[in-house]
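Q: I would like the entire structure built from these sequences, with the hints used as guidance.
The lines below spell out each chain.
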Amino acid sequence: MKQSSPPPLATWMLGEWNEALAGDLHEEFRAGRSAVWYWRQVLSALLIRGARALRIRRAALLFAALWSMLVPGWLFMVAGIERSLHFNEHLSRMTWPWSTVCDLGLMLAASLLFLWAGILLYLFADLWHPDHFRLRELGGGIAASLPAVLVLWLALIVLPKHFVAVQAAAESSTARTPTPLEAFRMEQRRMVWAAHEGPALAHARLDDSKNRAIADTSPRQAVTDMHVPAVLVRLPFFLVLLCTLRSAEPRSRRCPS
Amino acid sequence: MTERSYLGEFELMILLAVVRLGDEAYGVPISRELERHRGRTVSVGSVYAALERMEAKSLVASTLGDPTPERGGKAKRYFTVTKAGLRQVHETRRVLSKLWRTLPELKGENP
Chain A
1 MKQSSPPPLA TWMLGEWNEA LAGDLHEEFR AGRSAVWYWR QVLSALLIRG ARALRIRRAA
61 LLFAALWSML VPGWLFMVAG IERSLHFNEH LSRMTWPWST VCDLGLMLAA SLLFLWAGIL
121 LYLFADLWHP DHFRLRELGG GIAASLPAVL VLWLALIVLP KHFVAVQAAA ESSTARTPTP
181 LEAFRMEQRR MVWAAHEGPA LAHARLDDSK NRAIADTSPR QAVTDMHVPA VLVRLPFFLV
241 LLCTLRSAEP RSRRCPS
Chain B
1001 MTERSYLGEF ELMILLAVVR LGDEAYGVPI SRELERHRGR TVSVGSVYAA LERMEAKSLV
1061 ASTLGDPTPE RGGKAKRYFT VTKAGLRQVH ETRRVLSKLW RTLPELKGEN P
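As they're listed, the protein sequences go chains A and B. Okay, so the first sequence: first residue is 1 according to this note's numbering, each after it adds one. Okay, so the second sequence: first residue is 1001 according to this note's numbering, each after it adds one.
Everything labelled a hint here was simulated from the structure, so no lab data went into it. Everything numeric in this text was worked out from a predicted model, so none of it was measured. In this text, a Cβ means the ideal position worked out from N, Cα and C, and glycines have one as well. Wrong hints could be hidden among the right ones.
Over 12 Å on every C-beta distance to chain B, these chain A residues come out as not near it, computed from the model [as the list claims (entries may be wrong)]: (1) L25; (2) V42; (3) L91; (4) P97; (5) W98; (6) W116; (7) A117; (8) Y122; (9) P147; (10) R220; (11) R246.
Simulated restraints on C-beta separations [said to hold, decoys possible]: (12) L1099/B x Q221/A: 53 to 59 Å; (13) W37/A x A1056/B: 26 to 32 Å; (14) A1084/B x L108/A: 49 to 55 Å; (15) E1009/B x S34/A: 26 to 32 Å.
A: Right under this line is the structure:
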């Protein structure tokens, strides 16, 4: 027996973005088209819409990809500042939960600073054109980055943990002294661990000789590092930038989707 | 210098279907018309994507009708071809006809 209404999940996926299209598909289904036909039409419409959105936002896509490439370099700088200020020693003297709060707070502030700098740079050309630029839109982008950063932290904590743990287990079995780049990757993993388990346990996982070797890594090596931990650290930044750039963009640059 | 762009195959078919349907040109009949003449299924989403592209170029205009229960309470979007759209249709036809006339007879390619 044929259903009287189209598949609800497909209708929900289609959403409200094109009322006329939704009505047309409903009408055709009522006229005798199958559920398979309906599903195929919905998926095809979503694919077309996605491809169009990507084409329209290719500038934002390219910028987000390039800016997020710099993330390991930025984290490298933050780690350098932490070391020069003996931040870890201060943290180790703190009691829980303040040690965790301070460590997470620093990483969150560093991430927000990096994202906001990216948004400002992307909108740099518009800043000098009062006709194009609206402070409210910039504020919207910055406000949108806050919940997005929370998603980022979830992604940093949940997703990379498995990969990081597997790689670290493999590397800890080798007794040799790590190269500077390997040591820097360990530092990235420390940041992931710190987000998940707190700084004390994260530091305990790496010995001092490995931490000292980080000082010999160059920022260029950090930026061009394409190993799994570095890519995983970049990915949430890329996604957050892609979402927030749309909110921060002046209306004149937005195209209808 | 004015930029001249010719219609793609799919856009031309849609414009001709809209002209033929007149006041009844909305998504469902346009898609059915295309399916009947092409002999294969048409994605309604791709029809809308092409129509929206042509609307941005002022080749078609659209108006929303009233919502109806058989459409799940959704309104119809009626399309009409603008003067610029009709000019494009004629221009594309003129160029295609000219090109066809310059071809030698295609043996064994009966339509």
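Q: Does each hint fit the structure? Answer for all of them.
A: Taking the hints in turn, this is what the structure says about them:
1. L25: violated, 6 Å
2. V42: Incorrect as stated: the minimum Cβ-Cβ distance to chain B is 8 Å, not above 12 Å.
3. L91: Label holds. Min Cβ-Cβ 54 Å, cutoff 12 Å.
4. P97: holds, 51 Å
5. W98: holds, 54 Å
6. W116: holds, 33 Å
7. A117: holds, 34 Å
8. Y122: For Y122/A, whose nearest Cβ neighbour in chain B is about 25 Å away, the distance exceeds 12 Å, so it holds.
9. P147: holds, 30 Å
10. R220: Label holds. Min Cβ-Cβ 43 Å, cutoff 12 Å.
11. R246: holds, 19 Å
12. L1099/B x Q221/A: 53 to 59 Å: Check passed, 58 Å falls within 53 to 59 Å.
13. W37/A x A1056/B: 26 to 32 Å: holds, 29 Å
14. A1084/B x L108/A: 49 to 55 Å: holds, 54 Å
15. E1009/B x S34/A: 26 to 32 Å: holds, 28 Å
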